[in-house]
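**Q** Turn these sequences into a full structure, and let the hints guide you.
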Amino acid sequence: MRVCFQIISFLFALNFHCQPLRAQDPACCHHAAEFSSCKEACDQLATIKSESRLKHLLQRLPSYCPESMNELWMCINSTLPGVSRKSDGWVGLGCCELAISAECRRECRQASSKNDLTKVCKKTSENSLYNCITKNEMGSTCCSYAGRHTTCREYCQAIFRTDSTPTVSQINAVKEYCQSHSAQLLSCVSNFTKSYPIRSPLDSLYCCDRAEATHCQVACRRILRTMSTEHEIMEGLIEECGSQPLPQEPMWQCFLGSAHPPSPPQEETPHPAKMDCAKLHCCSKANTSLCRDMCQEISTNWGSQTWQDFDQLCEYNPVETELINCLADVREPCQLGCKGLTYCTNFNNRPTELFRSCNVQSDQGAMNDIKLWSNGTIKMPFMNIPVLDIRKCLPDMWKAVACSLQIKPCHSKFRGSVICKSDCVDILTQCGDRKRFHEGQTPERICELLSPIDDPERCIPLHRYLTPSSLGNNIVEEVIHPCNPNPCPSNHLCQVNRKGCLDELNCQPYLCVPGCKLGEASEFLVQLDARIQVPTRTGPAGCYEVCSCGPSGRLENCVEMPCVDTNKPCIVGGQRKNHGTSFRIDCHTCSCFAGNTICSTRECLGFGNSDEDRRHFTGLPCSCPDRFIPVCASNGRTYPSACVARCIGFKDHQFVFGQCHLSNPCASKPCQRNQRCIPKYRVCLSDSSDCPQYECVGRPAACDKNSVEPACDTDGLVHPSLCQLQQAGKTLAYMGHCQDACRKQQQVCGHNGETYNTVCDAFSDRVAVDYEGPCHAVGAVSDVAPDSACSLIPCPPLSTPGCHPVTPPGACCPICASMLQILWNKEQMNTFSKLNKNQPVTVHDVLQILRLHVSVPQCDVFGYLSIDHELVVLIAPVDQQPTPLQIEACSKEAEKIDSLINYASPTLVSQVPLSAFLTSEIKTSSIHSSGVAPSSPLPPGLCFLLGLLVAAAPGLRQL
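For the sequence shown, UniProt numbering begins at 1 and goes up steadily by one.
Since the hints were made in silico from the structure, they are not lab data.
You may find that some hints are simply not true.
Claimed, not checked - Each pair of labels, with its calculated beta carbon distance range:
{"no.": "1", "residue 1": "ASN664", "residue 2": "GLN508", "range": "33 to 41 Å"}
{"no.": "2", "residue 1": "SER552", "residue 2": "LYS392", "range": "53 to 61 Å"}
{"no.": "3", "residue 1": "SER190", "residue 2": "LEU466", "range": "37 to 45 Å"}
{"no.": "4", "residue 1": "ASP396", "residue 2": "VAL784", "range": "49 to 57 Å"}
{"no.": "5", "residue 1": "THR342", "residue 2": "GLN179", "range": "32 to 40 Å"}
{"no.": "6", "residue 1": "SER180", "residue 2": "GLY550", "range": "47 to 55 Å"}
{"no.": "7", "residue 1": "GLU176", "residue 2": "ASP43", "range": "37 to 45 Å"}
From the three backbone atoms N, C-alpha and C, an ideal C-beta is built for every residue, glycine too.
**A** In structure tokens:
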């Protein structure tokens with residue numbers, strides 16, 4: 001849900017209202033006229049808008065106003081209804097499954113209140129648990145005003161239990177069933193639903209500067225960056241600063257004064273503010289001007305109530321499918337795996353299926369939906385569907401419907417969460433209450449609006465979730481999902497730990513990395529130092545800025561890019577192709593970008609070619625001979641021959657004979673005397689600046705001890721970081737822990753045509769291995785090319801019996817992995833390079849960012865620039881002998897990324913340089929059911945061909 005696991009706080013949780021108190025101020029605070037500190041604290045109550053801060057001040061009011069002041073306290077109690085109201089039972093019990101550690105889960109189940117939770121349940125690491133408890137406390141208090149009215153209470157609970165933004169139908173249901181029973185409940189729920197999106201703790205950083213003590217300022221900044229709920233922030237500040245929240249103290253006055261701080265001076269205003277740039281990316285996908293305008297309103301006007309109208313008019317509009325799926329990606333990205341559900345149990349043990357919202361809140365939400373539907377009506381934003389008693393009519397199907405709509409299975413081809421039309425028609429035909437249907441309503445017409453799709457690859461087939469998964473718990477452990485559910489604080493990004501740890505005993509399979517939201521109102525996080533492309537606040541469609549994620553937790557240092565004319569079409573073969581459209585011309589993949597047709601440079605062999613053409617066709621650019629006489633071009637890429645390099649567009653002075661990695665870029669002594677030259681081989685995607693293959697470094701005076709990224713030197717010793725390796729005066733062999741198998745040099749050929757001294761050296765360069773020994777052949781780029789010199793290469797057997805492999809373009813040997821071939825825009829790469837002080841954009845940069853989007857540690861990302869200049873990305877299993885489940889998981893990860901590229905999802909393409917991606921083609925590996933074992937064991941040097949793909953993180957294999 002939009003606020004779930006963000007700062008939900010105690011905002012109006014106890015139904016304290018500033019409005020009644022303000023009206024009663026003369027009747028209350030004048031009782032404290034003789035006590036100045038008490039009078040100031042009492043007056044402060046009238047101005048506080050944050051419920052959590054109001055609660056804290058009330059708890060400590062006796063410190064300023066003695067309990068002997070009976071008239072004052074009677075007045076305050078009478079003007080704040082609900083002050084003494086107690087919650088029935090332990091409202092946090094339903095949240096216990098969100099606890100990350102087993103010890104905390106046990107303690108939570110045995111607790112009778114939040115106060116019983118000890119240091120076993122740390123607030124910093126059990127963020128999701130505490131936020132859930134806070135929300136439940138809020139819901140318990142609001143819904144307690146329903147009294148004996150069961151229906152009103154159930155509709156109220158639905159607001160707080162579902163894991164999505166309360167829908168218009170849910171809000172209207174509360175109004176309809178509770179209006180005559182409790183105005184207090186309506187007000188409490190209204191204040192909760194109006195709080196989307198809630199503000200970030202980072203918005204109050206400026207208050208820290210008003211603390212008098214330096215240690216308090218430092219602690220304040222740390223607390224706001226690591227804690228999420230207002231309750232824990234207030235408690236932390238009281239503990240660290242050693243003072244009570246006196247309203248007359250500058251820091252506390254800043255915190256207690258208003259839930260919405262004043263805007264800082266213009267020059268200090270971080271950009272963009274009060275926006276959701278991730279959602280704003282999606283608005284251009286709207287097909288109607290109404291939904292486009294409303295999308296822009298809710299994306300740029302923080303706190304706007306337009307989202308309710310948007311849900312009603314656009315959320316279920318079939319012509320806005322692309323827009324809605326894009327927004328769903330931002331709110332709830334598709335993630336592999338589902339487990340730990342207690343109601344929707346048929347969704348458990350599915351580690352290779354994609355879901356948007358597999359968590360305890362959605363599980364409870366499905367159970368609550370069934371309760372609501374049992375009343376005989378399914379309330380939708382634009383219609384009510386009368387149904388028979390679903391407890392008797394197809395109850396398993398209705399449960400599958402409720403769970404599907406809450407857990408939200410999603411497909412790579414169609415990322416919506418829509419029930420298949422045939423299932424919808426079937427269930428309404430049997431269980432719809434025809435007597436109460438409106439005139440003209442039929443199951444077919446209803447389902448045409450709700451579920452117009454019947455392709456099982458593009459909708460949710462209910463039969464899949466009518467029975468439990470066929471996988472057992474032991475098999476499921478072959479594929480794990482360390483970031484699902486998210487174990488990190490709300491302002492940190494969870495990443496798979498692929499670096500490993502120097503302390504293996506305390507090694508977690510995930511890392512929590514500080515991040516930035518894409519705008520104050522956004523839920524989507526990017527990691528620190530990431531460069532992000534965001535739409536401009538006021539410019540037309542196609543105008544963007546590139547910003548960086550700064551240490552403040554906000555996007556900063558924004559620089560405008562040249563605007564792109566998204567209205568300019570491409571004319572191809574007399575047909576009009578709109579901006580962003582992908583298509584094929586012969587064997588080429590093409591895309592229209594601002595009126596320019598950008599195509600791959602593959603060599604095609606069509607039906608019209610003569611026999612002579614076919615005889616000379618090699619599948620290489622310009623049908624160059626398939627001889628391997630390598631040259632190193634100025635972009636750092638090794639090409640198999642001068643013919644290929646010239647065909648790609650390099651002049652003779654822009655390449656030299658020999659492989660790039662076998663040259664010594666430091667031989668010409670390019671660095672100053674006080675600096676050390678270190679080879680840094682790279683392949684550049686931008687050509688607007690130089691592509692140096694070395695780096696000049698001075699011996700660092702000090703290294704960041706907290707930065708752990710192991711590096712292995714040429715003596716076989718591991719160092720905590722490259723900085724510390726250089727400080728020790730050692731030479732880098734490869735990044736990652738030292739591997740015994742790589743102590744002895746045994747050359748291998750990478751897919752990029754480079755010869756590496758060891759397999760570890762190749763993998764640290766994010767290149768997978770083609771075959772053993774030095775490179776001496778080039779494979780075809782075209783699928784229809786004849787046999788080449790690769791026929792003489794002894795390829796290793798496949799890693800998994802029965803695997804149907806892929807052969808990367810230009811490679812000789814097949815590999816059991818999934819492959820993306822990505823078409824990209826060089827002009828944009830050049831623009832990004834210029835905006836980043838002419839630093840080149842490299843293949844390694846792209847691969848490192850793509851790795852963040854693979855959530856399964858059993859899969860990793862490798863790639864290279866093909867000889868026809870497409871970006872080839874391999875998502876491969878990391879185990880030496882991967883299981884069919886692991887290969888399937890890697891295929892699903894590849895399909896997910898392929899879909900994000902082709903649908904231009906902001907969750908991926910907002911990141912620079914990935915925003916230069918135009919389109920992607922995918923080939924996945926699969927396992928034949930009648931697989932046979934390899935005919936011979938892997939050669940000694942290649943037994944690590946896939947197993948050492950985690951050379952940088954050996955500890956992960958034990959997790």
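**Q** Each of the hints needs a verdict: does it hold here or not?
**A** We went through each hint and held it up to the structure:
The hinted window of 33 to 41 Å between ASN664 and GLN508 holds, with their beta carbons roughly 40 Å apart. Checked against the given bound of 53 to 61 Å, the beta carbons of SER552 and LYS392, roughly 57 Å apart, stay inside it. A C-beta distance of roughly 39 Å is found between SER190 and LEU466, which places it inside the suggested range of 37 to 45 Å. The hinted window of 49 to 57 Å between ASP396 and VAL784 holds, with their beta carbons roughly 50 Å apart.
Our hint of 32 to 40 Å for THR342 and GLN179 holds, since their Cβ atoms are close to 34 Å apart. Remark: the range hint 47 to 55 Å for SER180 to GLY550 is upheld by a beta-carbon distance near 52 Å. Taking the beta carbon of each, GLU176 and ASP43 are about 39 Å apart, inside 37 to 45 Å as hinted.
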